[in-house]
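Asker: Chains as they are written, first to last, in the numbering used here: chain S, 261 to 729; chain B, 593 to 1206; chain V, 176 to 343; chain H, 85 to 572; chain Y, 6 to 108.
Bear in mind the hints are in silico, worked out from the structure with no lab data behind them. A couple of the hints might just be wrong.
Covered, in the sense of this in silico footprint (three residues per stretch, anywhere, with C-beta under 8 angstroms from a C-beta of chain V), are these stretches of chain S [as the list claims (entries may be wrong)]: (1) 361-371; (2) 492-500; (3) 660-673; (4) 691-704.
Partial list, derived from the structure: chain B residues whose beta carbon lies under 7 angstroms from chain H [said to hold, decoys possible]: (5) Gly661; (6) Val731; (7) Val738; (8) Phe748; (9) Ser752; (10) Met762; (11) Val766; (12) Leu769; (13) Ile961; (14) Ile964; (15) Ile1147; (16) Lys1153; (17) Ile1155; (18) Asp1156; (19) Gly1161; (20) Val1162.
No residue lacks a Cβ here, since even glycine has one placed at the ideal position from N, Cα and C.
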Amino acid sequence: MDWSQVNWMAIMPELIILGFAVIVLLGELFLSPSARRSLGAITLVGIIIAMVGVVRLWGVEATEFSGMFSVDLTANVLKLILLITTALVVLGVLRVKVTLGEGEFFSLMLFSVLGTMFMASASDLIMLFIALELTVLPAYVLVASKKNARSAEAALKYFLLGIVASVVLLYGMTLLFGMTGSTNFTAIANSLHGRSLEPMLLVSIIMIMVGLGFKVAAVPFHFWAPDVYEGSPVPVASYLSAGPKAGGFAALIHLFPVALASAAPVWATLFAILAVLSMFTGNLVALAQTNVRRLLGYSAVAHTGYLLVGLAVADKLGYLSMIFYFFVYSLAALGAFLVVLATTERGIGENVTDFAGLHKRSPMLAIAMAIFLFSLVGVPPFAGFMGKFFLFASAVKSNLIWLAIVGVLNSAISFGYYVTVIRQMYLVSPESDGVVTVSKPLYLSIMLIMAAVVFLGVYPTAFLSIIKL
Amino acid sequence: MLAYYLSLIVLVPILSFIILVIFGKRWGDKSAYVSIAAVLISLGLSIKALIDVLGGLNTKVLFTWASIGNFHITFGLLLDSLSAMMLVVVALVSALVQIFSIGYMHGDKRYGWFYACLSMFTASMLLLVFAPNYVQMYVAWEGVGVFSYLLIGFWFEKRSASQAAKKAFMVTRVGDLGFAIALILLYINAGTLDMDKLFAMHFVPALAATISILMFFGAIGKSAQFPLHVWLPDAMEGPTPVSALIHAATMVAAGVYLVARSYPLFEKGPVSLEFVAIIGTITAFMAATIALTATDIKKVLAYSTISQLGYMMMGLGVGAFAAGAFHLFTHAFFKALLFLGAGSVIHAVHSQEIFEMGGLWKKMKITSITFIIGGLALAGVPPFAGFWSKDEIILGAYTSGHTAIFWIGILTALFTAFYTFRLIFVVFFGQPRADHHGGHVHESPAVMSIPLLILGFFALTAGLLGSPFVHNAFQGFIAPGHEAEAVNPFVMGLSIAVALIGITAAWLKYGTQVLPSNVISKNNPIYKLVANKYYMDEFYYYVLIIPTHAVARFILEFDQKVIDGIVNGVAKIIAVFGSGMRRLQTGYVQNYALFMLVGLIILIIWSFRFLGIH
Amino acid sequence: MNDIATYIIFFGLSTMAILSAIAIVTRRNLFHAAMFLGFLMLVVAGFYFLLDADLVGMMQVFVYVGGVIVVLLFGIMLTSQMTNVRMVSAMKQKGFTFLAVTGFVALLISVFTKVNLSVSTATAPKDTTSLVGKLFMTNYILPFEVMSVLLLAALIGAIVIARQEVKQ
Amino acid sequence: MSNPIITTTIFLPLLGALLLQFIPRSKANLIRTFALLVTLIDLGLGISVLTGYKLGLAGMQFVEKASWIPRAGISYHVGLDGISLPLFELTLLLTVVAVLASWSIKNRVREHYSLMLLLAVGMLGTFAALDFVLFYIFWELVLIPMYFIIGIWGGENRNYAAVKFFLYTLAGSVLMLVGILTLYFTSGLGTFDMVKLMQAGYHSQLATFIFITFFLGFAVKVPMWPFHTWLPDAHVQAPTAGSVLLAGVLLKMGTYAFIRIVVQILPTEFTRFAPVIAAFAIISIVYGAYTALAQQDLKKMVAYSSVSHMGYVMLGIAALTPVALNGAVLQMVNHGLITGMLFLMVGYIYERTHTRDIAKLGGLSIKIPILGGMFVFAALASLGLPGLSGFVGELLILLGSYGAFKIFTIFAVLTLALTSFYLIRANQNAMFGMPQSWMGDFKDASGRELISALPLIILIAAIGVYPKPFLHYIDPAVNTVLQIIRGS
Amino acid sequence: MVIPLSWYLIVSAILFGIGLIGVLLRQNAVTILFSVEIMLNAANINLVAFSRYITPSAISGQMFALFVMAIAASEVAVGLAIVLTIYRNIQSVDIDKINIFKW
């Protein structure tokens, strides 16, 4: 390998993140406790610089490192989404006491982000698997970072199920490797091209699907999600609601349509089934929830269902719609979690009823939360609607009208639980009149997300033209 | 110019209405003058119109009310002999009633509103009379209905009054549905609702008959024909001048006017005329029998009105078009007179029960005399107005070969004479029965008695216009095509005879008490049947109203339990599913892992089975 | 190595692997279980050698037996009593688990027996160690680097949550 | 495009709502006045549209078009024709009325008016939108403010009603979204532009499916039996202004959408299914009338009467004759005015009596003659009294429908008796009779209340007395619609 | 090359299944980690066997297996740390005592 031929620019964003992760980690070691406060800001700077790096790679289509790593539009967009949401999380927790030392916390987060970025660019099974582990291992740690029983339980569940899923994924990958003799996506695709669908391939596909389905919390591999969303420290839950999933979807988008293209009819159908199961399970069970974070956890499951519609469609429109929806979903879900963060920071509980009269105690938080929830329902003019619009459009275009119908009906059902929060915020009078103050960065973060949710709902072209939908 | 003054006939009362709605409350008693002035202007212009028509004018003023594509609904003013005659009658009676009301309604707290309604009622009625097409007819028809509703329910604090108003509105509305359907059928089959165009068209007799009969349903309701007459007696809850205006001269006559107006259409389907005749006859007879037993002065008059309206329908039905119209004309005067007279009496004795009155002759000379004139006209004693017209109708039945109708008509005439004079003898003669009124009873003020006198004059003379002495000038004017029959001595003699017999019988029983008071036992089933108005109200109550409410309640129940139950049920099922599936999330990580494994296995097996891979 | 010997070795290894795996899962004494795990790793290393994967076999011995097992033993000693642990968790899913797992394994086996892969008859490279080393530095440089980051992250992560808070 | 008056009219309330946030919460009167001012200016703009509208022309006027989401063939495209213009104006008027009607709201005033102004944006946009996606967005946009208006200022059972309203209509409309998408992909035109879709003439195997989704979406909104049960709850629980706008405008969105979208884009399907629609319509008519008759709650009665009245509109639409369709459009406006006024009166009365139980009321015409009188007036208009606007619409609908649906039309006519029955019954029991003993002294209509009702009264009377000028706006547009139908 | 490829796969499948049973049934969190290790080894047997039989010259399967080993090590490290935290909180590593979050 000729080192000079490596396009270092291609992994520049990753290198930046890695660099900042190390810097932040070292900062924890060498800085005074008061100076460590600035590590969050440094992290933010790092992420923003990485964003610049991603943007500079716009339009680049390259495969580097012997086919391990590829840059394309999808990867770039997903990385950008990941970086944006992570930046918003970091901004949000800037003045929040995090559960570990700042340096540890942010560096672990950056490591996880790094893994996710590699997942988005992985074009080889080995790379994908390692990147996936890099994504989740720091995430397990972050979940456990509060070190109390709740945090530890969430972490343990996440971890145990996570490694089982990883093993299943790995086993599926071994079978795929055995079938094709290669770990490279393109090579796998070439090898599979024209071959009939063998049972082993099918088993392999399904096992891979399980592994990645776990990452994106698709039913029936979703069980960790509600428990973890409820049990992990709120800043971590905020991060989990958006970031790591990007990796899962990136992997799905790269692995299935690229490497497994020849089996598309099979896995498309399977994804449709998972989509339907996820939508129904997530939405129906969420109806019975009283804890806001748990509710958002189930809602995340349901949204995975919507997102999988893009894979069930199995065409470009489907994938791009999925990416768009992923973005708007992440924003809204993250926003909702940040609102929960803002309230829990002020000692307000996490039950739906604890939101009673929030409109009075903090009008802006309430408005923001309402907008996020309406966006999650998919009511215009918020971004969630536009996301669903394109997603279901792609389903209809591929004659999956039934799936679109299931999807839209589920959106309607989902209002049933989102509204319980809205109802508490606006229709019920507060038990305490105390004004909920929010730290400035967190407030800024929430407002930025709110603006984005409204803006993307009103003028989605801004984003669509970026992803060339 | 013509258009202006014709439209003013309608517009002036409308203007009065608008003014009174806004200022009536503030102006109080003075409101009357606005309304009266307006109606007098209308009357004057109507008379001018009549004179113009007598001078040969026959015109139509039209303007488009609504147009869709090339379908135009026009509104307009149709002036011909029939409408001119009606205009004058309506305006005249209305004017007199309004003047009378100054006295009668004196001190009422909703005085302005009363006159506003009277104005608008008059306007609606005039608009109806003018109608050159059925839409306008229908519009005015309903307008008349609603203002009669408001006027009957004028004393709406009284439960009975508001009930009566509701009943009047509802019952006439039921009839109107027939009218509405007729309208639709006309539009569908002819593409127009203009009368002259319709009358010039050719219709299949069956269709024409269907339409005519449906249209006649409207008349049945409005003109209180059997079986929809039940509202009119109750409507006596309204102030008496209202009864005089609405239930004598104008609104109830609208049905007759409708049939008269649509006569060419009815003639295209002759069956419909038979139907009209039969309904008219039944109504005339039945109402007359009920009137025999009624003891409320206004109720007696109400039933007599129904009966007389039946006569008019009978006349129209048997082909005596002119006679029917003529009776409409004469009846307007004498019945208004009788009602106003009754009003005067009620005003004086504060009671409507005839057996609480008596001996009023001495105290209320003008009222008594004019009332007796009215009674004679109603009973059909020559030369009073009613005689000439009624006789013509019976004659028409006779000559057209409707023998049964003829004899029933004669019998009804007998009853009419009897109940009329029963009323007169009981109320005006004999001893005052309720002494506590005695001392205060006195003649009504001039504003009340003068209208009585004027109407008395007309009741006396109006019939002469259509009498053979002037060669049936009225009939010739109204219906050039339907000249009156030549005088038939047999028929005329018979009708005079029955009138006199009836009066004598009444005198024997109530004037002198020669006849025992228990000629007919009150327990006699026939008496009971009649006294209970043939149980028509009960019939409607049990057959229509109760079932309607029951159905409504059932449907509501169905709506809440079944339809809304399904809606809520779906929501509940979804929620139940949710809480059921929630149980899968046991909290035990190994359960989760097992579920994942099971999911994996199921996916594999499913795809082996259904994706055709082996 | 003749064929029969190969067979014997394979069956021997297989039997030992399966038995030790069963032992791991069924032993009530955690220390014994750990020992069996170590033994299993060695057996698996035997498979690797049988498959001409010298380096992988060596790594198996070093990493697992020398690394993972030791870490696991630390874990055992830190967290709980080693002997007489309760076997089956309270969840009533024993029968169903056996059924499901057996079904799944049977399914896998039936797939494996039916599969018809084009087996290459080429011989494996003899010196995998240098080849692997070269590949790590060339084609696999990126995963290798990411792997090191992963190890770093895991290490830090393990430390930050395992350490006792001294501040309080 | 040089003078984007429609856009300005649609979005002015949004600007107003934003500006409203700068007025301190405590200055309730200033907030009210400002909101009133905004709606009045908007109404003024609307009137200038009305005067600028060229009569007798078919097709859209004041068309404004701009690129929006070009990749998906979605554009910002608004315009008005003779069908949408009256509804557009009605919305503007009723918004002013609603602002006046909610003057008495004391709590959370600023939120209330902000939501009301947002609601106006959605309603106006729905009627003006000529792009499917834009239409859908406005259509849904209405839900959010309405949810809050019912939910915050509603009656006892407001939460249930608000959620039911939202969920039910949402469930209907999301299906419609699938229909819209199917239409888009099967039309092959690659556009969501309604005008283009209308002109292109749509044929597809999936047309029936699309029709059904549209039908469900719109039928819920109208609402047609059996999708109506959200309505009584929502109407009854909503505050007065909410009820006025719900009944006055929101229901019209459904019928309007039937004419604008189903009839014009799926003419073949519509004609095929017209008898079914008519059957649903007639069931709504009869059913609504019966349920209204059985009501003890004045507001519920008015609510159920809406089901019945909207059935007439649907019958007129299903008939697809020029007369019936004209009648249907006119009747939409009429129903908006009349039922709006009925709800207004019921609301005002409730503010005084604190009960809507017909059995507990009585003699209100004595206690509060002006309000009582106006209620009677509205009730009479509602039962189709000639000379008032309800009659004209119903007459045209019935005249026009008979040719298409004989038996149905006869039933519709017969139901008029029931309509009178329940309204007259309400009149009699609530307005007439002696006042109940528990009643204290009530103040009669204040100037503000009178002014809020006055435009409605004038319009109801004006349309009833002389409908020709109003039909002048509607007729050419209806003709265009029918040409599409005939062309298919 | 006398042993058919499928035999290795079968052994791997059986080991995988035994590991799975351990994960699903054992009560002790540490034992579950053991069981996961069994499964990882099963996967690695696959990788190496495939590498030998399918692509003997390119040793990508072996490379993969090496990476898996490293990953297994890091997973064990993190996993044990988490188990340790649990132990500190509830003085037990019984998996069925970990049940705060449910439904």
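Asker: All hints, please: hold or fail.
Answerer: Now the hints, each set against the structure:
Closer than 8 angstroms: that is the beta-carbon criterion, and the segment 361-371 of chain S has 5 residues meeting it against chain V, so the requirement of 3 holds. Counting residues of the segment 492-500 of chain S whose CB falls under 8 angstroms from any CB of chain V gives 0; the rule of at least 3 is not met. Residues of the segment 660-673 of chain S with a Cβ under 8 angstroms from some Cβ of chain V number 0, which does not satisfy the need for three, so the listed coverage is violated. With 0 residues bearing a CB less than 8 angstroms from a CB of chain V, the segment 691-704 of chain S misses the requirement of three and the coverage assertion fails.
At about 5 angstroms, the closest approach between the beta carbon of Gly661(B) and any beta carbon in chain H falls short of 7 angstroms, and the interface hint on this residue holds. Against a cut-off of 7 angstroms between C-beta atoms, the interface hint on Val731(B) holds, since the closest Cβ of chain H lies about 4 angstroms away. With a cut of 7 angstroms, the hint placing Val738(B) at the interface with chain H holds, because the nearest CB-to-CB distance is about 5 angstroms. Taking 7 angstroms as the C-beta contact cut-off toward chain H, the hint placing Phe748(B) at the interface holds, the least distance being around 4 angstroms.
Given the 7 angstroms rule on beta carbons, the hint for Ser752(B) is violated: about 10 angstroms separates it from the nearest Cβ of chain H. Annotation: interface hint on Met762(B) holds; nearest CB of chain H at approximately 6 angstroms, less than 7 angstroms. With a least beta-carbon distance of about 5 angstroms to chain H, the hint placing Val766(B) at the interface is held under the 7 angstroms criterion. Against a cut-off of 7 angstroms between C-beta atoms, the interface hint on Leu769(B) holds, since the closest Cβ of chain H lies about 6 angstroms away.
Checking Ile961(B) against chain H: minimum C-beta separation of about 38 angstroms lies over 7 angstroms; hint violated. Hint status for Ile964(B): violated, given a least beta-carbon distance of 37 angstroms to chain H, over 7 angstroms. For the restraint placing Ile1147(B) at the interface with chain H, the shortest Cβ-Cβ distance is roughly 4 angstroms, inside the 7 angstroms limit, so the hint holds. About 11 angstroms separates the beta-carbon of Lys1153(B) from the nearest beta-carbon of chain H, more than 7 angstroms, and the hint is not met.
The interface hint given for Ile1155(B) holds, since its Cβ lies 5 angstroms from the closest Cβ of chain H, which is under the 7 angstroms cut-off. For Asp1156(B), the interface hint holds, since its Cβ comes within 7 angstroms of a Cβ in chain H; the closest pair sits about 4 angstroms apart. Hint status for Gly1161(B) relative to chain H: violated, with the closest Cβ pair at about 11 angstroms, above 7 angstroms. The interface hint given for Val1162(B) is violated, since its Cβ lies 9 angstroms from the closest Cβ of chain H, which is over the 7 angstroms cut-off.
Hints 2, 3, 4, 9, 13, 14, 16, 19, 20 from the earlier list are contradicted by this structure; the remaining hints agree with it.
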